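A.B. asks: Here the protein sequences come in this chain order: A and B. First residue of the first sequence: 92, per my numbering; consecutive thereafter. First residue of the second sequence: 2, per my numbering; consecutive thereafter.
Calculated from the structure, these hints are not laboratory results. Just so you know, not all the hints are guaranteed correct.
As the list claims (entries may be wrong) - Partial list, derived from the structure: chain B residues whose beta carbon lies under 10 Å from chain A:
{"#": "1", "residue": "18"}
{"#": "2", "residue": "20"}
{"#": "3", "residue": "35"}
{"#": "4", "residue": "47"}
{"#": "5", "residue": "51"}
{"#": "6", "residue": "59"}
{"#": "7", "residue": "64"}
Here the structure is a predicted model, which is why all the values come from computation and not from measurement. Positions of the beta carbon are idealized from the N, C-alpha and C atoms, including for glycine.
The lines below spell out each chain.
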Amino acid sequence: MKTFTQLVKNLKNDFSKLKSIRVAVLGDSATQFLSQALRGTGYDYGLDLNIWEADFNQIERQVFDPTSELYEFNPEIVVIFHSSHKLLGRYNKLKPEAYSTLADSQMELIDGINSSIGLNCSAKIICFNYTEIDDTVFGNYSGKFESSFIFQLRKLNYQLMQYASGHAGFYICDLSSIQNLHGRKTFFQPSIYINSEMVVSIEIMPDVASRTLDLISAMNGRVNKCLILDLDNTTWGGVIGDDGLENIQIGSLGIGKAFTEFQYWAKKLKNRGIILAVCSKNTESVAKEPFEKHPDMVLRLDDIAVFVANWNNKADNIRLIQSILNIGFDSMVFLDDNPFERNIVRENIPGIIVPELPEDPAEYLEYLYSLNLFETVSYSNEDAERTKQYQVEAKRSIMQKSFVNEDDFLKSLDMVSVIEPFNKFNTPRVAQLSQRSNQFNLRTMRYTESDIETISTSEKHLSFSFTLEDKFGDNGLICVIILEKEDSETLFIDTWFMSCRVLKRGMENFVTNTIVQSGTRHGFKRLKGEFIPTAKNGMVEDHYKNLGFTFDNGFWFLDLKSYEERTAFITAKPVNLQ
Amino acid sequence: MDKAEILSQLQEIFRDTLDDQEVTLAYETTANDVEGWDSLTHIHLVVSIEKHFKLRFTAKEIQSWKNIGELVEGIISKK
Chain A
92 MKTFTQLVKN LKNDFSKLKS IRVAVLGDSA TQFLSQALRG TGYDYGLDLN IWEADFNQIE
152 RQVFDPTSEL YEFNPEIVVI FHSSHKLLGR YNKLKPEAYS TLADSQMELI DGINSSIGLN
212 CSAKIICFNY TEIDDTVFGN YSGKFESSFI FQLRKLNYQL MQYASGHAGF YICDLSSIQN
272 LHGRKTFFQP SIYINSEMVV SIEIMPDVAS RTLDLISAMN GRVNKCLILD LDNTTWGGVI
332 GDDGLENIQI GSLGIGKAFT EFQYWAKKLK NRGIILAVCS KNTESVAKEP FEKHPDMVLR
392 LDDIAVFVAN WNNKADNIRL IQSILNIGFD SMVFLDDNPF ERNIVRENIP GIIVPELPED
452 PAEYLEYLYS LNLFETVSYS NEDAERTKQY QVEAKRSIMQ KSFVNEDDFL KSLDMVSVIE
512 PFNKFNTPRV AQLSQRSNQF NLRTMRYTES DIETISTSEK HLSFSFTLED KFGDNGLICV
572 IILEKEDSET LFIDTWFMSC RVLKRGMENF VTNTIVQSGT RHGFKRLKGE FIPTAKNGMV
632 EDHYKNLGFT FDNGFWFLDL KSYEERTAFI TAKPVNLQ
Chain B
2 MDKAEILSQL QEIFRDTLDD QEVTLAYETT ANDVEGWDSL THIHLVVSIE KHFKLRFTAK
62 EIQSWKNIGE LVEGIISKK
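Looking at chain B on its own, in the form it has when it is part of the complex:
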C-alpha cells in the first residue's frame, strides 16, 4: 500500500470516527486543522486506525505524530 492510498483510507477513518463527512486530510494536516480532533477523540481515532490497518501502536507512538504525514509514515513502518 502506498502513501497516497493510506492517506485516503485515513481520511475515511477520520470521517467515520468523528462523524463528519467534511474532514479532508493532507500530509501537513495537524490536529489544529481538524474540527473535533482533540486529545479525547485522538484516542478514539488511534483505536479506529489500529483496527482498520490491523496493527498496534506503542504507548509512545500514540503521542508522537506532529502531522498526518508522520502518522502515514508510522503506519508504513508497521506494515
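Same shape as in the complex, but just chain A:
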C-alpha cells in the first residue's frame, strides 16, 4: 500500500484520460486529507474523482437544504463520515437516562439524510460505520448494560447493516474493520486530533481511501470474478506428484490446518459466485486425485469451473482459462506460492491480480483478508449458480468441436429464451447486470434497482429481459434491452447489454428480431442505436453494422419495414411482451 505522501504526489498526475466521477465528501471531522487520499488513490484505480468537499461539520445543512451547494454539484456518490468522536461527544452531553437512545436517534438522523439525498439527487451513498471507542466507564459491564457508550456504538453499527440491507442505494464502508485489523493505536493519533480535528491518522489514511475506492470502483463495474488457484503448496501442503496422496498436508493436523482453512475460504467465495479455476503444473490425473479421493479436501472437482493441469507455462494456461470463461484478465486473481510463476504471469498477462502470498502458508489467510479482493455492490441467487453455468459452458465448447457446421451445432442445443419486460422479480438481476456488464455493452449506462423500477413503469420506455436455456442448462437472465420512444417514428436503443457467456449463439439476431417485431407492433418506423466506446467494449464496435444498421451522423439506424428476419435457432417464450 502506498503512503499518504505518495498518494498526495499522485495528485499532480494527468487524470484527463480517466473516467470521471463526481463524489461529495461530507464529514463532521476534518476531511481535507481524506479527500486528497481518495483522489490520489482513485488515480491508481483508474478513476478521476472529482471531489466536492463540504465545509467542516456541514452534513445536515448541506443535506436538508434542497438548494445547497451539494445538490448544485449533483454528485454521483455521497460519502458520509460521522465520526465516533462526535458520536461520543453527543453521548457525553445526554442526560444519563437518555444514554440508551443514542443509537436509535443516530439511526433516525442517518435515515433522514439518506431520504433527503434520495429526494434531491440520484447519488449512491457510502456511509462510514463507527470505529470503536470504549470509554470503559462501565468496564466489562458495558456488555450487560444498554446505556453504556460501547453498547450503543455496537448497536448502531448493527442497525446500520440492517438499514443498508433494506435500502438499495445505501452502502457501508467498513471503517470499523480497518481499525480492527490495524488497531486503534495505528488508526487514531490523539496529538494530531487535538491539533487538527482529524480522527483518522495519516498512517491509516491510505487504507481508508482504498477501502472506499473498492466500493466506488465496484459501483462502476470493476469487480473480481474469478480466483485461479495453483495446487502444490497453495491449495494443499506438499507436492502431489512427489509426495503422493497420503502425504500431502491437509486436514486438522499441523500446517494442514492452514490449507484446510484456506480451502474453506475459497469454497465460500465459490458459493458467493466467484468462479474457481485451477492452474497447475502437474499431470492432470495426478492433480485431480486429491479432489476425488482425499477425505480432508474441502474443495471438490464440482467446485472448480475450469481445471487446467499440464506442463505448459502458466501464462498460456491462464489465457486458456480466460478464453473459456470469457471475462477480462483484470477481473481474475491468481494465487501461487511460487514467486517465479507469479512473476511470469504478472509480466505476461496485463491487468491480472497476483497477490504476493507470504512465504509461510500459516499467513495466507490473514494476508488475503487484508486485501479485500472480492468487493461487490450486489448479490443475487444467480451468483451462486455461476460455477455450474461455466462448467456447462466448458462441456458445450467441447461438444461444439464435434460439429462441422455451426448451424447444426446451434440447432442441436434446443435453445429457449424467456422474454419479459422488467418486473419486480427480474429487477435486481437486471440492475446487477447493468452494474457489471463491461464488454458486450453498447452504451454502458449504469442503472440501479430504483432506476430500473422507474423505467419499468415509464410510458416512454419499452423494456426487455432475455433468458437463455439449452439442453445443457439454464444461463438465467443474460440480455437486457431498454428502448426509449424518441419520437413517434423512432425507437432509441438506450441500453443493450449481454452476458459474454452466450456469445456466438445467435442471440444478437434473436434479440434484433424481437425488438423489430415489438417496434413494428407499436407503429414505429425505425430503430436508432449508438455505440459509446469504453476501454472494455471494443468487441461490440461493429455490432450494429453486423446487424444491418446503417450509420448516419453518429448513430446507427434500422428501417423496420424493410427488415428481413435474421436467422436464429432460439425458440421464444414471451411473457406479457411489451
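Based on these hints, arrange chain B on the given structure of chain A.
C.D. replies: Just chain B now, kept in the frame of chain A:
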C-alpha cells in the same frame, strides 16, 4: 546526530512531503518562508518527521516551534 545533520534530513522530509524540490531550510526559516507550509500541511510534516526520526511529539509541542531551529532542538531533546 548533530544539528546540521538533523537540519539536512529535515530538508529532505520537507521536500518529499510538500513534493517540492526547491525547499531550502535554515535554522531561522519559518512557515511564512516556505511555500505550501500551512496549518494543514504542517500536520502532514509533523507525521513525516515523527516517522523518520521514530519519535512522537506531544499535542502541545506540535504547535510550539517558532522556526526550524526550535524544531531541530525539539527533535534533539526527544532523541
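A.B. asks: Can the hint on residue 18 of chain B be confirmed by a CB-to-CB distance to chain A that is less than 10 Å?
C.D. replies: Interface hint status for residue 18 of chain B: holds (6 Å vs cutoff 10 Å).
A.B. asks: With chain A as the partner, please determine if residue 51 of chain B meets the hint condition of a C-beta pair closer than 10 Å.
C.D. replies: 9 Å, holds
A.B. asks: Can we keep the residue 35 of chain B interface hint, with Cβ of chain A closer than 10 Å?
C.D. replies: 16 Å, violated
A.B. asks: If you take the shortest Cβ to Cβ gap from residue 47 of chain B to chain A, is it below 10 Å?
C.D. replies: Holds: closest Cβ of chain A sits about 7 Å from residue 47 of chain B, inside 10 Å.
A.B. asks: Against chain A, run the beta carbon of residue 20 of chain B and see if the smallest gap drops under 10 Å.
C.D. replies: Result: holds, 5 Å to nearest chain A Cβ.
A.B. asks: Answer holds if the nearest beta-carbon of chain A is closer than 10 Å to that of residue 59 of chain B; otherwise answer violated.
C.D. replies: Holds - the Cβ of residue 59 of chain B comes within 10 Å of chain A, reaching about 6 Å at its closest.
A.B. asks: Under 10 Å, Cβ to Cβ, is where residue 64 of chain B needs to be relative to chain A, so tell me if that hint holds or is violated.
C.D. replies: Constraint on residue 64 of chain B satisfied, holds at 6 Å.
When held up to the earlier numbered hints, the structure conflicts with hint 3 and nothing else.
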